[in-house]
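J.: Now for the letters of each chain:
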Amino acid sequence: MKPTDIAAPDYFHKVVDCQWACPAHTPVPEYIRLIAQGRYSDAYMINWKSNVFPGILGRTCDRPCEPACRRGRVEETPVAICRLKRVAADFKDDIKQRLPRPSPKNGKRIALVGGGPASLTVARDLAPLGYHCTVFDADPEAGGMMRSQIPKFRLPNSVIDEETGYILDLGVEFKGGHRIESMTALLADKYDAIFVGSGAPRGRELDIPGRKEAAANIHIGIDWLSSVSFGHTNKIGRRVIVLGGGNTAMDCCRTARRLGGEDVKVIVRSGFEEMKASPWEKEDAIHEDIPILNYMVPVAFKHVAGKLIGVTFQKVKAEYDAKGRRSLVPSGEPDQTIPCDDVLVAVGQENAFPWIERDCGIEFDKWNMPKVDPKTFVSTNPKVFFGGDAAFGPKNIIWAVAHGHDAALSIHRLLSGEDINERPLPEVHVTSQKMGIHEWSYDNDISPEKRFKVPHRDKVVALKDIRAEVELGYDVKLALGEAHRCLNCDVQTVFSTSLCIECDACVDICPMDCITFTENGEEVDLRQRLKAPSPHPDQALYVSGDLKTGRVMVKDEDVCLHCGLCAERCPTGAWDMQKYLIDMTHAGSSCPTKSRSAA
Amino acid sequence: MTYIAKPKFHHPGLKKNELGYTHRDYEGKISTLCAGCGHDSITASIIEACYELSIEPHRVAKISGIGCSSKTPDYFLGNSHGFNSVHGRMPSVLTGANLANRDLIYLGVSGDGDSASIGFGQFAHSIRRAVNMTYIVENNGVYGLTKGQFSATADRGSKSKKGVTNTDNAIDLVAIALQLGATFVARSFSGDKAQLVPLIAAAIRHKGASFIDVISPCIAFNNHAGSTKSFDYVREHNDAVNRLDVLVGRDPISVDYAPGSVQVVEQHDGSKIALRKIDADYDPHDRLGAMTFLQKHAAKGQIVTGLLYVDPDAEDLHEHLDTVETPLNRLEADDLCPGSAVLDKINASLR
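Protein chains in written order, with numbering that gives the first Met the number 0: chain A, 0 to 598; chain B, 0 to 350.
Mixed in with the good hints there might be a few duds.
[As the list claims (entries may be wrong)] Which bits of chain B does chain A cover? Going by a derived footprint, with three or more residues having C-beta under 8 Å, they are:
#	segment
1	40–51
2	228–242
3	264–275
Hints are computed from structural coordinates only; laboratory data are not their basis.
A quick note: this is a predicted structure, and the numbers were derived from the prediction, not measured.
We treat Cβ as the ideally placed atom computed from N, Cα and C, and that holds for glycine.
In isolation and in its complexed conformation, chain B is listed as follows (with noise of 0.2 Å):
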């Protein structure tokens, strides 16, 4: 951690979106995180996408449960709502709040030992219940907190700091929200901005449950020789299958890579994603295709990243229970008791 307050100065050229913003309007506090941090980064983009889209920062809610991952919120949209709820418990918050007010944006943030262990069942059931939602987890398979055991996510065979080898089996959370249902699914890596901003927005614009996997290297515990987490080795297993730009009304989203063929998808939203393949075989429409694809990959020991699926056409929790459009807190006192005359009328119906 850093022990002066980042300064305010900045950039005398700095670009503003199209509220007047620049990406330093978008910080949180200091991150108190070790230095080098993959959270950092993920922060980072998450910061430079809410800047991309040019979202108000008031309409923005972002809620965490415990750990390290979870802290984050702190560092970014110093503006927004946040919550920071207890272990694991980060879904059921968000999908609380979601009920209430439909109006924000739901950023969930989330990591390995929070999403996997303590809180696996709320993770399952906030993705299957399609909480219209973007769920981060920031992936280090570790607890950094506790100084580095392996957590849940952690692969079979990787090597922990101190030389000792996992035996449990790794739980992989992008297939099992693919098989629980989620609408937008990705992985990316936080050392790979170019992939991860443009991922984030995406994901923001998604309406539905949308996941992203990050691996997020721990560099206190979790980034030696024989990790399956460490910078090196996402480098060099790194299987991307398509990157992308979004579009929405002026500028793309766009990252520098090499020109391919391009797949164009067009979200709920009228927001477009330009998904420029890298793998020409897959295709993010089939969910089946790319859970089978994702268990191949992951048996020859490569990490599979990018826009895994997409279903443009997702339907969320609301329109599933027919809630009412407004936000609860916008309700005034005639809609919450419409009177005897509807009473009467709902009573008819029922006899």
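So that you can see chain A by itself, here it is in the shape it has in the complex (with noise of 0.2 Å):
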């Protein structure tokens, strides 16, 4: 293998799993370090500035950084570094001091349809660099699908209030009640560019026998979260079936518990392994009574004179074919018939565009999608982007958060006559921890703690009060608890082929087998003669050049706990620690020099 460049951005970038896995590349163990400082606000500051609003999704993320999180390949649970965002959120100081100031306007008009994450990202960027943005949404308020379909219990309206007010305070125009009825119309309202970030607002239908004629007990999942929202819903029947293994399944039925609902259940066509509803979302649900039964097809709604009386499933099996692909076949089991008095269909979303003329100017594909460009998040028309749900379906919040701040880079470009293809690579700053022989200015004493869990608040109480926000967050204590379990793996293992002198202290030291002193070869052939196996091989290989044995050291990644201890074992200082910061580039970042401060 050649030796590693570590001077290309990406590559320490993929050694702190959870920001490379973090589609907005929040800088994790560095917001955790602050939380274990105390600087709350300094952790908050570093979110806000990646993800846009750290209290929601301190509360409600999809948290793809915790499958990948380190932790999790060292012991059984990664670090909670959702419910560590929501820290820093709830015991910051008034940060509105730190938040940029509305500026001058640049004469430059930007329309963004729909309130949602994408919109009131790509309007936190561009807003502090003087353009007017206006943001348009059918409902009153601000915030999208994260005030309409995330039920209070889990997302207070305060913190929705707090994090959207942060935004439209940038001098950002709300118009609030206001829908967007046709695209061409808003053409020709000149906008120097328009933002769609409408999401996916339509809710999928399950048209089986008795839809229609049960019609009025049965629920579109989205509506009518939705309409609980916003106080037009305030009950359920005793009875109700949940169908749909989402998560917002899951907040049908944890909603219906708080309304009436005495026996909910959530029924689900897949097995329970393969539901699409995070694991954690799914315990929730489970302890508030909620039993997920599987493996049952809805084939039709049974009801008596109009009124729904239950539903029928068939009973099916999951079998696999040579490829491993599943299908789901009759069990041959006779059909269930299950009473209830309501029905809350969240079997998945859909775009809709029907306010989007198809002769305007913006092309769809066959799927009646918007044609948009993955990177740059424009459509077809150069002045129109799409992001969130509304440029590729339905995903997270921080998916969103992530296209927006891309988006907003796009318009920023194309207003500033700039190529928006050409995107300014991130700027990245890598340091020296070291302070004195064996001190180093992170905590890198490995804590053996396993993960805190979150107190609750008690259940009685709680599916009482539809508004009484179920988890009560960490305390500071449980909050240093959890920050000191992560590994910090934004502090690198940095390696000077020069000074080696091959005594193998850092191969004897690292506690975790990581390092070897071998001979080159192929990487499959490398991988095959490590001190301990390596099972990940996605996980890189960090090879040195050739030293004065004619060997390398090669270090798997993989399950490196950063503790430092090569780093205090070397003689030489060949080991050093170093941390990895990347600034990722959003709009109006200045441009970074063309040396690359790395190693």
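Quick one: dock chain against chain with the hints and give me the complex.
T.: Below you can see the structure in the form of structure tokens.
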């Protein structure tokens, strides 16, 4: 293998698994360290810069970072990254003074369709640069699905108000209760750019016999949640069946429990394990006495005299073909009818663009989705951009934020007369953490603690009040314990070939057997000759140049604890612990200088 | 030294030995030696050898004297018996322990000061008495704890860190051990675990006095140009006569090296040593030849490493003294005081 080029910005970025997995590339270990130091406001601002909604995401994020967390490969569970983010939001001081000031307008006008996370991110990035941003939303308040679809017992309004407020206070114009009905008309308003962040607002229908007849007691999940959010709906029948296995289904069933549903069941087609809902949301539902029944396909709504009385299910089982593809086939057991008073259908969401005229210059593909460039988020109209669920179908808030940043960068470049396909490189800083012979400016003593549980409100109390937040969040002590579990993966082991005397001290001390000195070879061959097995080929090997004995140093990044013992035991300083920080390019980032400061 | 304790986490894919232990289970406390010390590599090699041999840690007694080297038993086999004795007196303490309990595996760990200066006599007598032990000298040629004065194994003409030339002749502990009748004699280098680990494993399985001289560069005081015990010097002048595999039951304790002619030596306990010859003429059963070979190469400035001499049928002190098979702590009152009838019998035999 060739010596690893650690100056390439992506190399160390990938080692910070959580940050790499985060669509917005939030510098997770950096903010967790700040939380450990009690610097909650600083931790909050790092998050605010990357993911715009730390308080909201700290309660609702789908957490792509956690399955990626290195801690999960070292012991059973990853660091509770998401809930630590909430800690930063909960314990911060007033941070208003740290936010950008509304700046003099540059005369350029941007229209943002939809007031959800994607649009608000675009506005957050562009407003401080002087753009006049106008956000249109059919709902009276900003937040989009964060406000309408996520139940208040998971995400209180106060948090949404605060974090959408930070953005609107940048001088963003918000036109609530203003549904955009025509793209052609909007285009005629001569905005300099238009961003569509209107989400995936249509709940998928379940067209089976009885749907029309029993319609009064069959509700589309996201519409029903939205109706509950805005106070239009405040009760449901005693026996409720929720159809679907995603996070919306989990929100539906838990909301139903709070509106009079005593016997609430979630019934899914697939197996329990394959459900789309996040594991912790399933746990929370089960904790609220909601059984989840699997391998049952709804075939008919039963009704008597226009009143729903139950749902009939066909029992299925999973079969896998030679390629491992799953299909659900009837198990041969008799159909089962489960009685109920109401059904909530949460079997998926779809995009809907009835308001975009197909002849307005924006092309759509065969799935009736706009053609959007995945890098620049521009549509076939160079002034119209899409992001969030509106761009590529339903995902999560954090994806919407990431799309927003990229779209804002495109819009800024477009309106600055630059090529939107050229994306400036991120700025990277790599700084030694050495303070003394065995002192580092980070805490390298690895905590053996298991993941700390987030305290919950008492179930009896929680189920009585739909606005009572169930999760209470970590207190300072729990937060500190959890923060110490972070392995500081952004503090990188940096190796200098020319300084190494091949004394083996690093090999002997490494608790994870990450380091091997051996003859060079091809990657597949090298992975066979490491001191410990290498089960994750997606994790990089860090290879040095040729050493004096003709061998090379090979470090498997996979389970490195970043404890720095290799550097502490190195007599020549060939190993050093250096903190890697990457500043993702946002709209208005100053252009990084050509010379990258790495190692 | 390091302030933090080595994390308990280990690689999830670590192999386990027959006892279900990983090599991490054979570790001791974290080393307090200087960063990069050769002794730490010897520690790691002892850990590896004990892990490979699936040794039960409670069956090992590790005994040492005073010095950097003699601190190291604290850093391996944290669940074994240990005794940190007086300077240079490890051999006597070990001999006594061995006589009292012959069932344990004895690991004597010493340094060039501890064995070639203050304990030179002790070293000599434990070897000539054929105590069943593995005697490891971690040889760096300087007194590291007192800031790098030449020790008795420093080569004549080698230079100290400050540039002073050593005018005294060096003691070659391997030559002395051969001369005094050690039945397993080897030399190795802390920077070459591939050679050292199987040597330690074979020495542990050897019955009789096993002696391994391990050149172990002192990073702080003896790793400069002009030193003959530095990483660079040893690597340049290392003349390995052989490399070995230790075969005990299952997988051989093997290492990566080029194939050559193989000589199998069966030890007393049935374990086998497969010797891969590097020097085709070298015969590890020829004590006299080994001594000559050593002297000739030393004169040329070469450091001979490998298994230099082994007598697979060696006897040990217990056989010489015809001692009781049972460790003394397991002898019951009846064994120790068999009664007047037995006494009468003994008395009668002496009349």
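J.: Now tell me, hint by hint, if it's right for this structure.
T.: These are the hints, each one checked on the structure:
1. 40–51: Coverage by chain A holds for the segment 40–51 of chain B (3 residues, Cβ < 8 Å).
2. 228–242: With 3 residues close enough to chain A, the hint holds.
3. 264–275: With 0 residues close enough to chain A, the hint is violated.
Comparing the model with each numbered hint stated earlier shows that hint 3 is the single one that does not hold.
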